Amino acid sequence: MTTTLEAPALSGSQRPPGRLLDRTFRGVVLFAGALVLIILALIAGTMVNKAMPIFRSEGLGYFTHDVWDPAHAKFGTLAFTFGTVVVSSLALLLAVPVSIGIALFTTEVAPPWLRKPVTYLVDLLAAVPSVVYGLWGILVLAPALPGFYDNIHSVVGGVPILGTLFSGDPISGRSFMTAGVILAIMITPIVTSIARETFTTVPQSLKDAAHALGATRWEMIRAAVIPHSRSGLVAGILVGLGRALGETIAVALVIGSSPQISAKLFSSGDALAAVIANQFGEATGNTRPALIGMAVVLFLVTLVVGVLARGYVARAERRTGGAV
Amino acid sequence: MIHSRARWLVALVLAFGLLAAACGSDTKKGSGGGNSTSSTTAAAKKLAAATLNGSGATFPQAYYETVISEFKKPQPAVTVTYGGGGSGKGQSDLQAGLVQWAGSDSTVKPEDMAKFKGPFLYFPTVAAPITVSYNLAAVKNLQLSPDTLAGIFGGKITKWDDAAIKADNPKATLPADAITVVHRADASGTTGNFTKYLVAAAPTAWTLGTDKVVAWPTGQQAGTANGGVAQLVHDTAGAIGYVDYSDAKAAQLVFASIKNADGKYVAPSVDSATAALAGATLNADLTYNPLNAPGAKTYPITAPTYILVYTAQADPAVKAALQGLLAFIYADGQTLAPTVDFAPLPAAILGKAKAQIAKIGA
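Protein sequence lines, in the order shown, are assigned to chains A and B. If you count the first sequence from 1, position 89 lands on 89 in my numbering, and the numbers rise without skipping. Just remember that my numbering sits 1000 ahead of the position in the second sequence, which is counted from 1.
Incorrect hints may have been included.
What the hints assert, rightly or not - Below 20 Å or equal to it, Euclidean Cα-Cα: the simulated SDA-like pairs (lysine to any residue) are: (1) B:Lys1156 x A:Met47; (2) A:Lys50 x B:Asp1112; (3) A:Lys74 x B:Asp1112; (4) A:Lys50 x B:Ala1077; (5) A:Lys74 x B:Thr1210; (6) A:Lys74 x B:Ala1267; (7) B:Lys1109 x A:Lys264; (8) B:Lys1109 x A:Asp169; (9) B:Lys1196 x A:Asp69; (10) B:Lys1115 x A:Asp169; (11) B:Lys1249 x B:Asp1262; (12) A:Lys74 x B:Ala1096; (13) B:Lys1115 x A:Asp69; (14) A:Lys264 x B:Gly1219; (15) A:Lys264 x B:Val1199; (16) A:Lys50 x B:Lys1115; (17) A:Lys74 x B:Lys1159; (18) B:Lys1115 x A:Thr46; (19) A:Lys50 x B:Gly1097; (20) B:Lys1159 x A:Asp69; (21) B:Lys1109 x A:His72; (22) A:Lys74 x B:Lys1117; (23) A:Lys74 x B:Lys1249; (24) A:Lys74 x B:Gly1097; (25) B:Lys1115 x A:Leu90; (26) A:Lys74 x B:Pro1110; (27) B:Lys1109 x A:Leu141; (28) B:Lys1115 x A:Lys264; (29) A:Lys50 x B:Gly1154; (30) A:Lys50 x B:Ala1267; (31) A:Lys50 x B:Ala1096; (32) B:Lys1196 x A:Asp169; (33) A:Lys50 x B:Met1113.
Claimed, not checked - Chain B is faced by these chain A residues, among others (derived, beta-carbon under 8 Å): (34) Ser167; (35) Asp169; (36) Ser258; (37) Ala314.
Just so you know, the hints here were simulated from the structure itself, not pulled from any lab data. Predicted, not measured: the structure shown is a model, and the values here were computed from it. Built from N, CA and C at the ideal position, the CB exists for glycine as well.
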C-alpha cells in the first residue's frame, strides 16, 4: 500500500526562502531575455523611422538602383549591397575551410602538448581590434597584392568564367579581393573557436563506433564528427558572417571606395558599412536618412542570411532524422 | 574581520577627501588684473568659468586648435573644445543642443533649417586654398584652366599629353603617361567646395554636380581625408588630386596654378587666398562665396568656413564666453591664421563680423 503524503500548505513566512529566490531569478532572467528582444525591436523601429523620408521619396528604387549620387539627389544602394555580399562571401569562402581545418587539427590530429598553445594563439587573434587588421591591410597587404593578382590573371586569363572573375584594375591593390582576404583573416579565429567547441562535444562513443567499423581517421571525421556538429558549425559560420558584414574600418580602408557592380574581383568597389562610416559625419539634408536607410538594408541582409542558414539546418536535421 | 572593516573605513575616508578636494578647486583664482601675454585685444575682461564645446568641419580644425590653446592664456577660466567630425556632425550636434558652437564649411541646407532650435548666426572665421596637387617629375609649373580640370576629374581627359593640357602649358614637355585621378573616399566639405568651384567656373564641361559626395567615374583612386589623398598623390607617379593647403604643404606636394576668372594663372598661397576673399561679395547673413572670385591675383579655389551659434543664449556665462572667443578670433586669431596656413579675413568682412558679435544673446 502506498501512501502519498501531501505537503502541508505553508503560509507566507513559513515558505522556504529558496522559492522566493527561485522566482526572482526566473523574473530577472525573463526580463533579460525580453530586454534583448525589445532593444532589437527598438533599433529596427528607430532606424526604419529615421529612414522613412528616403523610403517614401525613392521607393523600391532605393534598394534596386545602383547609382549613388547625392549631388543630384539619386540614392540607390544596390552597388553597396553587392559589395557587402561579395566581400563577405569571399571572406567566408576563404575562412571557413581554414577554420574547420584548424579546429579539426586541434581536436583530432594534434598531439596533446600542441593543442593548448594553438588554441590560445587562435583565441588571442580573435581579440585583436579590427582597425589593426585594416591598417596592416592598407600598409602591407594592399601594396603587395597587385603582383599576386597579375600572376593569377596570367594563369587563368584565358578561361571563360574564371578569367573575368580574376581580373580587374589593381592599381593600388584596393579591391573586393583584398577586402575579402582581410576579412577572412579577421573571422578565422572566431569561427575556429566555435567550431572547436562544437567538435569537442562529439561523444567519444560515436567516434569509437566509427573506428570499430573500420573507418580511417578522415572517414571517421566525415561520418561522425561533422554530421554531429552541423548546427554548431552553422552557428559559428553565422557569427563569422555577422562580423564580416558589419566590419567597417578595415573594409573602408582597403575596398577602394568606388561603388560599382562588377564581376571582376580585382577591381575596386564599396560596401554598406564602409560607406556609412565614410559619409555619415558630413551628411546633411537628405543624405542622412539615406545613410540610415543603408543600416536598414544591412539589417535586412543579415536577417535574410540568418533565416536561410537556419532553414538549411532544419532541413538537414529532417533529412538525417534528427541525428544531429 | 576588524582589519577588513578598518580598511573599508580608510578607503571611504580617502574617497570622501578626494571628492571634497575636487569640488573645492572649482572656483579658479585669477592672477589679478593684467596678464603678461602680449595681446592686441585691449585689456580683455576676465570671463567667468564656462565650457564651450564645439564640433564640426575638419577643414579648419588645425586653426581652431591653435586658437583654443592661445585663448586659454588670457582666459584660463573658459574651457573650449573642438571635436571635429565633419560639417554634418557639427550641424546636427548644434541642432540637438549638444554643442555651443559648430564649425561648418557650407551653409545649412533649406530642408535642415527647421531642425534647429531657433535662429542662428554665421560667423566667417578664416579661409584656405584647395590645391590641385600633382605628381609629375617632368613638369614643375603645371597650369590648368577650369575646363581642363573638369575634363581631368570628370574622366574625359585621361593622358597627360592631352591637347587641352598642352594648350594650358605651351612651354612644357608633357609625358604620354596615364593620369591617375585621386578623389575623397569620405564625404567632405573640401569635395563640396571643389565641385562647387567647377560648377561655377566650368558649367558645361563639369557634369557631376556638387555635393560632399559626387558620383566620380570608376577607375579613379580614393583616399580617406585630405591626408589620405595627399599620400596617394605623393606615392603614385602621374597622380593628380585636390588637397587642402596645409595638408598639401605637409606632404610636400607640388601645386598646379589655376586660371582664375580674370584669366591669370595663380598658384595657391595665403596671399592669393586673401585676395580671393577681398573680391567676394558678402551676403546679409555674412555668408560669402570666394570661389571663382574676380581679381588678378586671386586663387579661384578658396574655401570659406563659418562658426554657427544660436542667437538666443540662456546661460549668461556661455554667452559672454562665446562673445569672448569670437572677439579673440577676430583680433589675435587673424594674426595667428597665416602661421597655420590659413588666410585671414579682409577688413570689410572683419568689420561686419565683429559687429555681429553683439547680436548673440540679443
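We went through each hint and held it up to the structure:
1. B:Lys1156 x A:Met47: 40 Å, violated
2. A:Lys50 x B:Asp1112: 14 Å, holds
3. A:Lys74 x B:Asp1112: 18 Å, holds
4. A:Lys50 x B:Ala1077: Violated: A:Lys50 and B:Ala1077 sit about 40 Å apart, past 20 Å.
5. A:Lys74 x B:Thr1210: Measuring from Cα to Cα gives roughly 13 Å; hence the hint holds.
6. A:Lys74 x B:Ala1267: 35 Å, violated
7. B:Lys1109 x A:Lys264: Violated, because 39 Å separates the two Cα atoms, which is more than 20 Å.
8. B:Lys1109 x A:Asp169: With Cα atoms ~38 Å apart, B:Lys1109 and A:Asp169 exceed 20 Å; violated.
9. B:Lys1196 x A:Asp69: Given pair B:Lys1196, A:Asp69 holds - Cα atoms ~15 Å apart, limit 20 Å.
10. B:Lys1115 x A:Asp169: 44 Å, violated
11. B:Lys1249 x B:Asp1262: 26 Å, violated
12. A:Lys74 x B:Ala1096: This hinted pair is violated, its Cα atoms lying about 27 Å apart.
13. B:Lys1115 x A:Asp69: Roughly 24 Å between the alpha carbons, so the hint for B:Lys1115 and A:Asp69 is violated.
14. A:Lys264 x B:Gly1219: The given pair, whose Cα atoms are some 13 Å apart, holds under the 20 Å limit.
15. A:Lys264 x B:Val1199: Not OK: A:Lys264 and B:Val1199 at ~33 Å, beyond 20 Å, violated.
16. A:Lys50 x B:Lys1115: Answer holds: A:Lys50 to B:Lys1115 is near 14 Å, not above 20 Å.
17. A:Lys74 x B:Lys1159: Violated. A:Lys74 to B:Lys1159 sits at ~30 Å, over the 20 Å cutoff.
18. B:Lys1115 x A:Thr46: Holds: B:Lys1115 and A:Thr46 sit about 18 Å apart, inside 20 Å.
19. A:Lys50 x B:Gly1097: 19 Å, holds
20. B:Lys1159 x A:Asp69: Roughly 26 Å separates the two Cα atoms, so the pair is violated.
21. B:Lys1109 x A:His72: 14 Å, holds
22. A:Lys74 x B:Lys1117: 29 Å, violated
23. A:Lys74 x B:Lys1249: Violated, because 36 Å separates the two Cα atoms, which is more than 20 Å.
24. A:Lys74 x B:Gly1097: With Cα atoms ~30 Å apart, A:Lys74 and B:Gly1097 exceed 20 Å; violated.
25. B:Lys1115 x A:Leu90: 42 Å, violated
26. A:Lys74 x B:Pro1110: 18 Å, holds
27. B:Lys1109 x A:Leu141: With a Cα-Cα distance of about 41 Å, the restraint between B:Lys1109 and A:Leu141 is violated, given a limit of 20 Å.
28. B:Lys1115 x A:Lys264: Violated, at roughly 43 Å.
29. A:Lys50 x B:Gly1154: With a Cα-Cα distance of about 33 Å, the restraint between A:Lys50 and B:Gly1154 is violated, given a limit of 20 Å.
30. A:Lys50 x B:Ala1267: Since the Cα atoms of A:Lys50 and B:Ala1267 sit roughly 45 Å apart, the hinted pair is violated (cutoff 20 Å).
31. A:Lys50 x B:Ala1096: Roughly 15 Å between the alpha carbons, so the hint for A:Lys50 and B:Ala1096 holds.
32. B:Lys1196 x A:Asp169: 30 Å, violated
33. A:Lys50 x B:Met1113: 17 Å, holds
34. Ser167: For A:Ser167, the interface hint is violated, since the closest Cβ of chain B sits about 14 Å away, which is over 8 Å.
35. Asp169: Holds: closest Cβ of chain B sits about 7 Å from A:Asp169, inside 8 Å.
36. Ser258: 5 Å, holds
37. Ala314: Because about 42 Å separates A:Ala314 from the closest Cβ in chain B, which is outside the 8 Å limit, the hint is violated.
Violation of the numbered hints given earlier is confined to hints 1, 4, 6, 7, 8, 10, 11, 12, 13, 15, 17, 20, 22, 23, 24, 25, 27, 28, 29, 30, 32, 34 and 37; the remaining hints are satisfied by the structure.
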